[in-house]
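K.L.:
Mapping of the sequence shown onto the working numbering: residues 29 to 229, in sequence order.
Just so you know, the hints here were simulated from the structure itself, not pulled from any lab data.
Glycine included, C-beta positions come from ideal geometry on N, C-alpha and C.
Misleading hints may appear alongside valid ones.
[What the hints assert, rightly or not] Derived Cβ-Cβ restraints for the label pairs, each shown as a range: (1) 108 x 219: 18 to 28 Å; (2) 169 x 197: 42 to 52 Å; (3) 78 x 136: 20 to 30 Å.
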Amino acid sequence: MNLRYDGGGNFRIRQGTYMANATASNSFLQRIIGAAALDAAIYEEVEGDPGATTQAFAVVVLSSVAAGIGARGLGEQTLANVAFITVVSLMAWAAWALVVFEIGSRIMPAPQTRVDVGQLLRTIGFAASPGLLRVLGAMPAATIPVFAITAVWMLVAMIVAVRQALDYRSTARAVAVCVFGWVLAVTIAVVLGLAFGPSVS
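Given only the sequences and the hints, what does the whole structure look like? Please build it.
P.N.:
Written as structure tokens, this is what we have:
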């Protein structure tokens with residue numbers, strides 16, 4: 029067991045794979061805002077809170093629904109099309125999460141890496157927080173800029189999340205893991221969209 033300062037005014041105690049925060053936990057909304065603001069302490073907090081698993085899942089689902097709604101800015105979209113885009117977003121995130129876990133924890137772990145699936149899924153789930161803004165893509169002519177900005181923002185958030193969850197001391201290692209997973213996720217989304225998606229009017 030060791031005491032670790034997180035740089036945000038909090039001391040944390042790590043014992044095995046459990047991390048306890050010496051301060052009170054933040055609300056769900058505060059966690060979303062903090063995760064979007066790339067606050068490393070928030071990612072550490074949700075990593076050590078098993079109760080945040082449902083919250084992380086909710087963030088991913090809401091982010092995917094926001095993508096479905098935001099895509100309406102590309103033209104008239106039916107409810108079925110919105111649902112399709114939502115499902116594709118969920119599948120792309122799941123692929124990203126799987127690749128990040130396999131590479132980060134099995135292929136490129138740091139000597140100090142101690143993480144389980146739940147811890148990683150909670151942190152990268154909250155990394156989808158910037159994706160909630162994709163709903164703004166529903167505004168005419170805003171879809172492509174909004175989706176481009178939020179995609180990069182989510183990638184950066186994922187890098188912070190992975191660095192914290194896998195206890196990387198090197199941000200470059202987290203970048204390598206996340207970029208590879210991101211490319212795969214985007215490829216899956218594009219392939220699914222071209223193969224099964226509706227035509228854009």
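K.L.:
For this structure, which hints from the list above don't hold up?
P.N.:
Every hint satisfied by this model.
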